[in-house]
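Q: Okay, here's what each chain looks like letter by letter:
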Amino acid sequence: MRPLSSLVSTGNRSCLVGAGVGYADHVRVTCPALVAVVAGLSLTACSTADEPEVTAVTQRFLGLAGSDPAAACTLLAPRTVERLADDAGDCAAGLRDARLRAPDSIRTVTVAIDSAQVVLSGQVVFLARFDTGWLVTAAGCTRASSDDAVPYRCPVEGD
Amino acid sequence: MSTGHRGGVKAAWQHNSLTIVFGVLLLVFVVGQAISGLAEYDETARTIGLQQISMLRYVTSSSFAVDLLENWQSEYLQFTLYILLTIWLVQRGSSESKKPGDEGRGSDEEQLVGRFARPDSPRWAQRGGWRRSVYSHSLLLVMGVVFVLSWCAQAVTGRVAENQQRMRDLRDPIGLGDYVAGPDFWSRTLQNWQSEMLAIGSMAVFAIYLRERGSPESKPVGMPHDVTTSDD
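If you read the protein sequences in the order shown, they are chains A and B.
According to the working numbering, the first sequence is numbered sequentially starting from 4.
According to the working numbering, the second sequence is numbered sequentially starting from 796.
In case anyone wonders, no lab produced these hints; they're calculated from the structure.
The reader is advised that the hints may include incorrect statements.
Okay, the calculated beta carbon distance ranges per label pair [unchecked claim]:
1. 36(A) x 918(B): 57 to 67 Å
2. 63(A) x 819(B): 11 to 21 Å
3. 799(B) x 51(A): 47 to 57 Å
4. 1012(B) x 133(A): 47 to 57 Å
5. 152(A) x 823(B): 22 to 32 Å
6. 819(B) x 93(A): 50 to 60 Å
7. 843(B) x 111(A): 45 to 55 Å
8. 1012(B) x 55(A): 52 to 62 Å
9. 100(A) x 994(B): 39 to 49 Å
10. 70(A) x 960(B): 30 to 40 Å
Going by beta-carbon spacing under 7 Å, a handful of chain A positions derived as facing chain B [to be verified]:
11. 81
12. 91
13. 92
14. 112
15. 115
16. 116
17. 126
18. 129
19. 155
20. 158
Every residue gets a Cβ at the ideal spot worked out from N, C-alpha and C, and that includes glycine.
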């Protein structure tokens, strides 16, 4: 009678057992392959390639928000445009009402899958990736609470 | 297909059917997980007005990776623990256990090492020194290393997936240290660990009283409940 642990050695025999023709080759191939798959999955966490575009979109949006709000609206996510239009009649008017600060110096940029946050010296901006590129989902954000679970308060945001 | 090639395939199947079937099932289920995971991801994206993503982007994202890895690490932990604990712990009557009284590492004679090795024993079992020591624990070492790597990779990818959600919620992203000390990491980890302990613990007990004719995971159908192995 074989215990359950023998199921492991059967299922992974190519990793573990030297008996039988060709198993030594399996050891050399299968074990590194398994480790490589796990290491490869870890690489999905790497996303620094998007940081330059996220930074550029943020600076362009904040630069246009005061001088050309209609152009700045083209850099906003659809839900954010809808929210501004609902609140102020149209997106450009909503942006003017929000009175966003001009782009300050950037402190940190964080990208995770299709979301991003840019922390500037006076405000925080959130972005999301779309087929057309990165778009701003919320801007002018400031801390609403010292409790980390409470979201930022943002004069420009979607629903 | 030549006769020789057909014979080779047949021999490969006869010798490795269990591994082949589980390998195929693994692929089928991973593909199924990718399809259903993408559908769920896209449904959430539509709900909050964000972009849906392609299958390629999804399967190379941390969102997919963390769901995969949290299950992998727990499976390897389960077998690592079982391999380790069954050296010293027993369950009378279970086909998954050694007999009471047989606890421990076993003698060189029982383990077929050193001068007791057979001519066809693995080379490192025939030799002494560090090679035999390493080979004597190679199963536990490999399973343990894969568990640790998978768990670490779960932490790395889980942090990214968590940060994506936090930024969608207009919250600050967190570092790796805060993530592994936080609820998402431990919720993912412990919900898998508890289910693995339940499955293997109940299997050890069910194997005392229940049978599956022909399965090496079961005692023979007529074997008494209190007999621990067929060697008795």
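Q: Take the hints in turn and mark each one as holding or not.
A: Do the hints match the structure? See the list:
{"no.": "1", "hint": "36(A) x 918(B): 57 to 67 Å", "result": "23 Å, violated"}
{"no.": "2", "hint": "63(A) x 819(B): 11 to 21 Å", "result": "50 Å, violated"}
{"no.": "3", "hint": "799(B) x 51(A): 47 to 57 Å", "result": "52 Å, holds"}
{"no.": "4", "hint": "1012(B) x 133(A): 47 to 57 Å", "result": "51 Å, holds"}
{"no.": "5", "hint": "152(A) x 823(B): 22 to 32 Å", "result": "40 Å, violated"}
{"no.": "6", "hint": "819(B) x 93(A): 50 to 60 Å", "result": "57 Å, holds"}
{"no.": "7", "hint": "843(B) x 111(A): 45 to 55 Å", "result": "24 Å, violated"}
{"no.": "8", "hint": "1012(B) x 55(A): 52 to 62 Å", "result": "55 Å, holds"}
{"no.": "9", "hint": "100(A) x 994(B): 39 to 49 Å", "result": "58 Å, violated"}
{"no.": "10", "hint": "70(A) x 960(B): 30 to 40 Å", "result": "34 Å, holds"}
{"no.": "11", "hint": "81", "result": "6 Å, holds"}
{"no.": "12", "hint": "91", "result": "18 Å, violated"}
{"no.": "13", "hint": "92", "result": "20 Å, violated"}
{"no.": "14", "hint": "112", "result": "10 Å, violated"}
{"no.": "15", "hint": "115", "result": "4 Å, holds"}
{"no.": "16", "hint": "116", "result": "4 Å, holds"}
{"no.": "17", "hint": "126", "result": "12 Å, violated"}
{"no.": "18", "hint": "129", "result": "6 Å, holds"}
{"no.": "19", "hint": "155", "result": "5 Å, holds"}
{"no.": "20", "hint": "158", "result": "12 Å, violated"}
Comparing the model with each earlier hint shows violations of hints 1, 2, 5, 7, 9, 12, 13, 14, 17 and 20; every other hint is respected.
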